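Participant: These protein sequence lines map, in sequence, to chains A and B. With our numbering as the guide, the letters of the first sequence map in order to residues 1 to 151. With our numbering as the guide, the letters of the second sequence map in order to residues 1 to 258.
It is worth saying that the hints were derived from the structure and are not from the lab. This structure is a prediction, so every number in the text was calculated from the model and none was measured. Careful: at least some of the hints might be erroneous.
Covered, in the sense of this in silico footprint (three residues per stretch, anywhere, with C-beta under 8 Å from a C-beta of chain A), are these stretches of chain B [claimed, not checked]:
1) 46-57
2) 69-81
3) 153-161
Below, in silico cross-link-like pairs of lysine to any residue (SDA-like), each with a Cα-Cα straight-line distance of 20 Å or less [what the hints assert, rightly or not]:
4) Lys80/A to Gly201/B
5) Lys75/A to Thr240/B
6) Lys80/A to Pro85/B
Where is the CB? At the ideal position from N, CA and C, for every residue including glycine.
Read off the chains here:
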Amino acid sequence: MKSLLALGAVVLTTAALAWAGADAQPKAGGAPKPVITKAAKGEHCVEDTAYMRRNHMKLLNVHRDRTVLQGVRTKKHSLKACIDCHASEATGSVASAKEDFCVSCHSYAAVKIDCFDCHSTKPQSAAATTLPHAHPASAAAHVEELAGVSQ
Amino acid sequence: MNELKTMSEQAPDSPERRRFVGAAAAVAGLAVVPGVMLYEVADARPEEQPASSAVRWGMLVDATRCASGCDDCVSACSTENGWTPVAQSAHPRQAPQWIRKLQLEDPLTQAQINLPMLCQHCAEPPCVDVCPTGASFKRADGIVLVNRHTCIGCRYCMMACPYKARSLVHEPLNDTQKPDVPRGMGCVEACTFCVQKVDRGDGTTACAEACAAAGHNAILFGDLNDPESEISKRLRELPTKQVRADLKLNLGVRYHGI
């Protein structure tokens with residue numbers, strides 16, 4: 001009886017694994033892939049693309065503490081420098097539309113970031129020419145987007 | 001150019017000449033490429049070097065020169081740091097104020113004093129003492145700041161501050177922040193001595209610039225630790241006071257004429 005139960009368990013587990021494996025296959029018309037636009041400025045990123053995809057958050061965290069606490073404002077690994085290059089040409093921002101650089105991946109990966117609750121999403125020059133409250137619609141869209149990501 | 005020639009006729013290493021050449025280099029840097037001037041200014045700290053305790057930034061406010069009805073310092077601060085002027089705010093009573101213009105009147109003599117009130121950048125800041133998360137901190141060069149990454153918006157620091165210098169951001173800012181000055185809902189904030197300008201090597205603040213531009217020259221910003229700095233010289237000459245000196249907080253902002 002015991003061996004029969006064990007056999008049953010093995011069969012069930014195998015079936016479950018097979019089913020899970022089948023489900024993991026990409027389906028046509030599944031979740032839309034993120035749009036990763038090439039940076040408008042510059043030839044290459046400050047680190048390899050593969051490294052940046054995995055580790056950009058660690059670099060940003062270290063740099064942010066050095067900037068806030070010690071006043072070190074080097075350009076490499078600074079969020080401002082990321083935004084300078086990666087702001088979309090259409091919106092001039094990294095996080096105001098769905099296809100913008102930061103939002104695109106983070107919504108795909110269901111990662112909620114709150115960087116842009118405080119930080120400007122636009123490069124220095126663009127933000128300087130844009131008066132406050134000039135784009136309430138895009139800002140509202142960005143907030144909705146972030147809310148969507150958090151759900 | 002004529003001025004340069006007359007200066008060069010002086011002793012080659014005279015301090016006047018060196019200061020003049022330094023200033024000329026700074027002006028030339030400004031004129032050519034704004035980004036490059038960082039390296040041209042004599043006082044600028046290299047950007048990879050942390051703020052140092054050899055410097056203590058401070059401010060001297062000459063209340064005798066502060067004009068009644070003028071709020072150029074307040075509007076310059078608002079423009080530089082991106083906070084909405086109180087008059088334009090939907091909720092003026094809770095709107096952030098990094099600097100306020102005060103008019104005081106002696107009830108006995110009716111003598112009036114005008115002065116700007118802002119974060120006093122204490123050497124012993126009560127806001128730092130009470131902060132439960134360590135978000136409120138004093139940088140090595142004496143500037144008292146809020147680390148918004150750790151601020152939980154509890155407002156203990158607002159209660160602790162004897163100068164009513166801090167504000168809480170109550171409303172979402174919807175991407176209207178300046179790239180150099182991140183601010184956000186739920187965080188406490190206050191005057192930063194224009195830390196972005198200080199780190200850039202400007203050696204001044206938006207309010208001091210605006211006051212000078214208006215011709216009042218009531219605000220002087222500089223290094224209190226450098227005995228040769230303009231502010232140290234003026235502090236030696238003028239009698240100045242700390243507001244609530246009884247609290248022994250060793251303030252970075254000193255007032256003359258109060």
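Participant: Let me make sure I understand: some of the numbered hints might not hold for this structure. Which ones are they, in numerical order?
Facilitator: As far as the earlier hints go, 2, 3, 5, 6 are violated by this structure, in ascending order.
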